[in-house]
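Asks: Spelled out from the first residue to the last, the chains are:
Number of protein chains: 2
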Amino acid sequence: MQSEGKQTGLLSIVSTGPGNIQQLTPAALKAIAKAEYVIGNNVYIDLIRPLIEGKEVVKSPMGEEVNRAQLALDLAEKHRVAMVSGGDAGVYGMAGIVIEVAERTGSTVAIEVIPGVTAATAAASCIGSPLSGDYVTLSLSDLLTPWEVIGMRLDHASAMGVPLAIYNPRSRGRPHNLDTALAIISKHREDETPVAVVKNAYRPGEERHIMTLDELKADTSIVDMHSIVIIGGLESRIWKVGDDVRGIITPRGYHRKYVY
Amino acid sequence: MQSEGKQTGLLSIVSTGPGNIQQLTPAALKAIAKAEYVIGNNVYIDLIRPLIEGKEVVKSPMGEEVNRAQLALDLAEKHRVAMVSGGDAGVYGMAGIVIEVAERTGSTVAIEVIPGVTAATAAASCIGSPLSGDYVTLSLSDLLTPWEVIGMRLDHASAMGVPLAIYNPRSRGRPHNLDTALAIISKHREDETPVAVVKNAYRPGEERHIMTLDELKADTSIVDMHSIVIIGGLESRIWKVGDDVRGIITPRGYHRKYVY
Numbered sequence: 001m002q003s004e005g006k007q008t009g010l011l012s013i014v015s016t017g018p019g020n021i022q023q024l025t026p027a028a029l030k031a032i033a034k035a036e037y038v039i040g041n042n043v044y045i046d047l048i049r050p051l052i053e054g055k056e057v058v059k060s061p062m063g064e065e066v067n068r069a070q071l072a073l074d075l076a077e078k079h080r081v082a083m084v085s086g087g088d089a090g091v092y093g094m095a096g097i098v099i100e101v102a103e104r105t106g107s108t109v110a111i112e113v114i115p116g117v118t119a120a121t122a123a124a125s126c127i128g129s130p131l132s133g134d135y136v137t138l139s140l141s142d143l144l145t146p147w148e149v150i151g152m153r154l155d156h157a158s159a160m161g162v163p164l165a166i167y168n169p170r171s172r173g174r175p176h177n178l179d180t181a182l183a184i185i186s187k188h189r190e191d192e193t194p195v196a197v198v199k200n201a202y203r204p205g206e207e208r209h210i211m212t213l214d215e216l217k218a219d220t221s222i223v224d225m226h227s228i229v230i231i232g233g234l235e236s237r238i239w240k241v242g243d244d245v246r247g248i249i250t251p252r253g254y255h256r257k258y259v260y
Numbered sequence: 001m002q003s004e005g006k007q008t009g010l011l012s013i014v015s016t017g018p019g020n021i022q023q024l025t026p027a028a029l030k031a032i033a034k035a036e037y038v039i040g041n042n043v044y045i046d047l048i049r050p051l052i053e054g055k056e057v058v059k060s061p062m063g064e065e066v067n068r069a070q071l072a073l074d075l076a077e078k079h080r081v082a083m084v085s086g087g088d089a090g091v092y093g094m095a096g097i098v099i100e101v102a103e104r105t106g107s108t109v110a111i112e113v114i115p116g117v118t119a120a121t122a123a124a125s126c127i128g129s130p131l132s133g134d135y136v137t138l139s140l141s142d143l144l145t146p147w148e149v150i151g152m153r154l155d156h157a158s159a160m161g162v163p164l165a166i167y168n169p170r171s172r173g174r175p176h177n178l179d180t181a182l183a184i185i186s187k188h189r190e191d192e193t194p195v196a197v198v199k200n201a202y203r204p205g206e207e208r209h210i211m212t213l214d215e216l217k218a219d220t221s222i223v224d225m226h227s228i229v230i231i232g233g234l235e236s237r238i239w240k241v242g243d244d245v246r247g248i249i250t251p252r253g254y255h256r257k258y259v260y
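Taken in order, these protein sequences are the chains called V and L. If you count the first sequence from 1, position 253 lands on 253 in UniProt numbering, and the numbers rise without skipping. If you count the second sequence from 1, position 228 lands on 228 in UniProt numbering, and the numbers rise without skipping.
It is worth saying that the hints were derived from the structure and are not from the lab. Glycine is no exception: its CB is placed at the ideal position from the N, C-alpha and C atoms. Hints should not be assumed to be uniformly reliable.
As the list claims (entries may be wrong) - Some chain L residues judged to face chain V by a derived CB distance under 8 Å, without partners named:
#, residue
1, GLY17
2, PRO115
3, GLY128
4, ALA159
5, TYR254
Working from the sequences, and respecting the hints, build out all of it.
Replies: As structure tokens, this is what we get:
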């Protein structure tokens, strides 16, 4: 028997991966199955629709993350709650904001974060092995980070010479962020650097485009808010079989150690 | 009926995530289930032992990646082959080397990469939300990358001000790489910067340690080759409930937009 007011709930922040049910982990599926309440924004809720029949579903629009976090924490005082978040919830997802709100309000609710396939590696897997080793994960959204900071980060990231995985490459409010970003990157990369645009990886409407940095700079209209843009590093190259472009390879450096 | 010599195989490069079967995606499980041959290094094969009963298993020691890749490509001419690789296979995993070998040998074998939970976000999920947004993935292993390049990357990565997820923080050959790396990072970070060492995330022997940069610099002996080290960014802070340390938060910047 539980005494009144005792906390018996759990808030699971559940990473739903790219959005295809084949790409959620069993741990994530189990947390959703056990939840009494499922909370998330409309897009992610719709993607996992078959998993949540019979549950109390709280949809919330994009842009209301703080309210959503508070609601989840309130419900989780006494209930099992799954807050679903696309990709990995710890990367541009709901984990950060939920924990921030929990901290500010002194919440003692039990919170767990269930990891998932993050959008960068989901996109990468569609086009060979463009990341392979060291890489930088960077968002061009200036909704929460001032553009000056994003530009500074881009400059250093490009100077590293490693591949970049760019999230939120195009935002409605500032459609030219990507062009500005590509200009910064071009200070450190050749025109022929391989670049990929992967749209809706593992979701309906998936598209995979391989091109050079120069080609993307000439026309960025192919990129939308559902795209991940991968910019090759100094050693990245297009992977071809005959004339057929199959993807991008960033070598790890085995060629420096082995003859093969 | 298939004509002799026709390629009928498939090489699936399968990400096995942190190593716990609860953390492999259904797509990964299916690829392993369908494979006639399963290839991987001993550690990853042992972690997925229950999944591969009755299959032809080819174990291969760590350090023989090129031979393993060639063998997988040869078998995949006519068979379904699953090459298993820990974390996400596209990040310090087997995807890069397999595709490099395929390219060099002009192989036309069908290859797919199945993404998984990468070690950085698996570790992050154990300690709150330390990455949250932009971050850098970086390895301290100088087996395939010269130390001068690693040091240069570290310097720029630290200058970005974002969190760092450090793979291979300690190698047998060069036990002092981590100390050298922390000295570079310290040029850009306060002593009080929160740092986490997560060992064996989601595997037997899991350990989670939260400390300051200064404390880790004073004694790095806690870090081993199964650890991921997360160095907080300029805005990262320790997440406490009362005196209880629960993890690390890197805020996204909602506090600049909302009052809560």
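Asks: Can the hint on TYR254(L) be confirmed by a CB-to-CB distance to chain V that is less than 8 Å?
Replies: holds, 6 Å
Asks: Hint check: is the beta carbon of GLY17(L) less than 8 Å from a beta carbon of chain V?
Replies: holds, 7 Å
Asks: Against chain V, is GLY128(L) within 8 Å by beta-carbon distance?
Replies: At about 5 Å, which falls below the 8 Å cut-off, the nearest Cβ of chain V leaves the hint on GLY128(L) intact, so it holds.
Asks: Restraint: ALA159(L) near chain V, CB-CB cut 8 Å. Satisfied or not?
Replies: Where the cut-off is 8 Å and the nearest Cβ of chain V is about 5 Å from ALA159(L), the hint holds.
Asks: Answer holds if the nearest beta-carbon of chain V is closer than 8 Å to that of PRO115(L); otherwise answer violated.
Replies: holds, 4 Å
Of the numbered hints listed earlier, not one is contradicted by the structure.
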